[in-house]
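Participant: For chain A, the structure is supplied; the task is to place chain B on it using the hints.
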Amino acid sequence: MKKYDVVTTISYPKKGAMGKTGSWRVFRPILDKTKCVKCLRCWIYCPEGTVIRNKDDTVDIDYEYCKGCGICANVCKVKAITMEREAKKK
Amino acid sequence: MTVMIDTGNYIAAKAAVMARPAVVPAYPITPQTTLVEGIANYVKTGEFKGEYICVESEHSAMCACIGASAAGVRTFTGTSSHGLLLMHEMLHWAALARLPIVMCNINRVIGPGWNIWTDENDSISQRDTGWIQFYCSSNQEIFDTVIQSFKLAENKKVLLPVMINYNAFILSHTSMPVYIPEQKEIDDFLQKYKPQWKLDVNNPITFGNIILPVDYEKIRKDMQNSQENAKKLIPEIAKEWKKKFGRYHGDLIEEYKCDGADHILLAMGAIGAESKVSINNLRKEGLKIGLARVRTFRPFPNEEILKLGKQADLIVIDRNISIGSEGALFSEVKASLYGKSDTKVHGFIAGLGGKDVTYNDIETICRKVVEGKAKDCEWYGFEGGGK
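If you read the protein sequences in the order shown, they are chains A and B. One point on numbering: in this note's numbering, the residue at position 29 of the first sequence is 72, and numbering is uninterrupted. One point on numbering: in this note's numbering, the residue at position 207 of the second sequence is 213, and numbering is uninterrupted.
Note that these hints are calculated values from the structure, not bench results. Treat the hints with caution; some may be incorrect.
As the list claims (entries may be wrong) - Cβ-Cβ distance ranges computed for the label pairs, FRET-style:
id : chain 1 : residue 1 : chain 2 : residue 2 : range
1  : B       : 77        : A       : 57        : 15 to 25 angstroms
2  : B       : 198       : A       : 76        : 50 to 60 angstroms
3  : A       : 53        : B       : 387       : 45 to 55 angstroms
4  : B       : 215       : A       : 97        : 23 to 33 angstroms
5  : B       : 209       : A       : 87        : 19 to 29 angstroms
6  : B       : 308       : A       : 53        : 25 to 35 angstroms
7  : B       : 77        : A       : 83        : 33 to 43 angstroms
8  : B       : 57        : A       : 47        : 21 to 31 angstroms
9  : A       : 125       : B       : 202       : 47 to 57 angstroms
10 : B       : 291       : A       : 53        : 55 to 65 angstroms
11 : B       : 344       : A       : 106       : 49 to 59 angstroms
12 : B       : 200       : A       : 130       : 47 to 57 angstroms
To be verified - Restricting the straight-line Cα-Cα distance to at most 27 angstroms, the calculated cross-link-like pairs of lysine-lysine (DSS-like) are:
id : chain 1 : residue 1 : chain 2 : residue 2
13 : A       : 57        : B       : 204
14 : A       : 46        : B       : 162
15 : A       : 57        : B       : 224
16 : B       : 294       : B       : 350
17 : A       : 46        : B       : 224
18 : A       : 45        : B       : 163
19 : B       : 263       : B       : 162
20 : B       : 55        : A       : 45
21 : A       : 45        : B       : 162
22 : A       : 63        : B       : 224
23 : B       : 204       : A       : 45
24 : B       : 238       : A       : 46
25 : B       : 163       : B       : 224
26 : B       : 204       : A       : 58
27 : A       : 46        : B       : 237
28 : B       : 294       : A       : 46
29 : A       : 45        : B       : 224
Glycine included, every Cβ here is placed at the ideal spot set by N, Cα and C.
Chain A on its own, in the form it takes in the complex:
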């Protein structure tokens, strides 16, 4: 990392610059691949880049960094993504 003469806040872009943000998640997006029509709306709308686009336009979710915001489930036209609570109530 580059050294500066004063202390200030600069962040260089890299994967997980703020740590493993997947631990923030309360709701987990669950993708039902049988319903997915490869429209890629979830991939476009995900604000964190945690919807991974495969070569055949199927998608996977990177749970290490997904914060569980639910946008992907909201924009999915075929309801292939559902949000499920991470820790079930006892």
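Facilitator: Leaving out everything else, chain B in the frame of chain A:
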């Protein structure tokens, strides 16, 4: 070198343009208006080749300064009173982001009651933003301080924004002769700004990102260290200027006839200049009195004031008040002495709302203290309306 006879605002505009900033975002407010008009005129004449942005508010002006400075270029603006207060959030941001923005603030009263005359409550209320604060007492000092401030702000040991304060109308709209060096001489003194980092689309970084408590503390400590570094650099830069141009206005304070004094008056801005007349008169009367004009309120000249406090009793005139406490300079002078000197300190509130403080008034204040008739803290010349 040429002599230019003009008002404080037009002199500040000349200095700002000669420092070659790349961006000047500005929003007009009385009594700063002629400063930004002056710069706008240099756009027309072609002397100012940077970007002049007419923004929609002072908050936006400071935001644009922050954006431009973060993009790695020299940036200047000016404001006053309510305009400065509207910038408040962004003043903190500029300092925490370590951006060497230089700004003139023309000290004007805060309303209501609506009033465009001078007092220092506008800038004093911004003292904790991390900005370095100068208080000028002549148009020549305004010119010299603007140029010097870029050098100070951009020094890698400082990297903090600088606010140059001067009194509304008394300086902003009063013409005085000012020595203006040649552009080449200024260019030699003030090298091109080389940022350590900048916003750059080809080398993307996030600026001002989220950080954890343990790291945030380091930022505050580093700003404090940088203000301490500025204490050493301000005299160095002033000395270099004196060597090059023959002019000198003092370091953190300007001492005037302090030798052998048993009373020393402390004041800022135009009252500091007016006080020299009073000191001359009082010295003629045989009073052993001197003046320490405080040039920088941040960093605060603790060491210099302690030295004076060990020599003499101190008289402080504040053209501001921290309501519920006392004059800001008075408080900080006493804090500088605490536990190290038991000298007497007398505080006076004078000239609020732009009320004149003449050399006669200053002499009256000084005599009252020397004759032992002054209270610890009082309002000078308060006229009716209260107790």
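Participant: Now tell me if each hint is right for this structure.
Facilitator: Evaluated hints:
| no. | hint | result |
| --- | --- | --- |
| 1 | 77(B) / 57(A): 15 to 25 angstroms | holds (22 angstroms) |
| 2 | 198(B) / 76(A): 50 to 60 angstroms | holds (58 angstroms) |
| 3 | 53(A) / 387(B): 45 to 55 angstroms | holds (52 angstroms) |
| 4 | 215(B) / 97(A): 23 to 33 angstroms | holds (31 angstroms) |
| 5 | 209(B) / 87(A): 19 to 29 angstroms | holds (26 angstroms) |
| 6 | 308(B) / 53(A): 25 to 35 angstroms | holds (32 angstroms) |
| 7 | 77(B) / 83(A): 33 to 43 angstroms | holds (34 angstroms) |
| 8 | 57(B) / 47(A): 21 to 31 angstroms | holds (26 angstroms) |
| 9 | 125(A) / 202(B): 47 to 57 angstroms | holds (48 angstroms) |
| 10 | 291(B) / 53(A): 55 to 65 angstroms | holds (60 angstroms) |
| 11 | 344(B) / 106(A): 49 to 59 angstroms | holds (58 angstroms) |
| 12 | 200(B) / 130(A): 47 to 57 angstroms | holds (53 angstroms) |
| 13 | 57(A) / 204(B) | holds (18 angstroms) |
| 14 | 46(A) / 162(B) | holds (12 angstroms) |
| 15 | 57(A) / 224(B) | holds (23 angstroms) |
| 16 | 294(B) / 350(B) | holds (16 angstroms) |
| 17 | 46(A) / 224(B) | holds (15 angstroms) |
| 18 | 45(A) / 163(B) | holds (17 angstroms) |
| 19 | 263(B) / 162(B) | violated (35 angstroms) |
| 20 | 55(B) / 45(A) | violated (33 angstroms) |
| 21 | 45(A) / 162(B) | holds (15 angstroms) |
| 22 | 63(A) / 224(B) | holds (24 angstroms) |
| 23 | 204(B) / 45(A) | holds (13 angstroms) |
| 24 | 238(B) / 46(A) | holds (23 angstroms) |
| 25 | 163(B) / 224(B) | holds (15 angstroms) |
| 26 | 204(B) / 58(A) | holds (21 angstroms) |
| 27 | 46(A) / 237(B) | holds (24 angstroms) |
| 28 | 294(B) / 46(A) | violated (53 angstroms) |
| 29 | 45(A) / 224(B) | holds (17 angstroms) |
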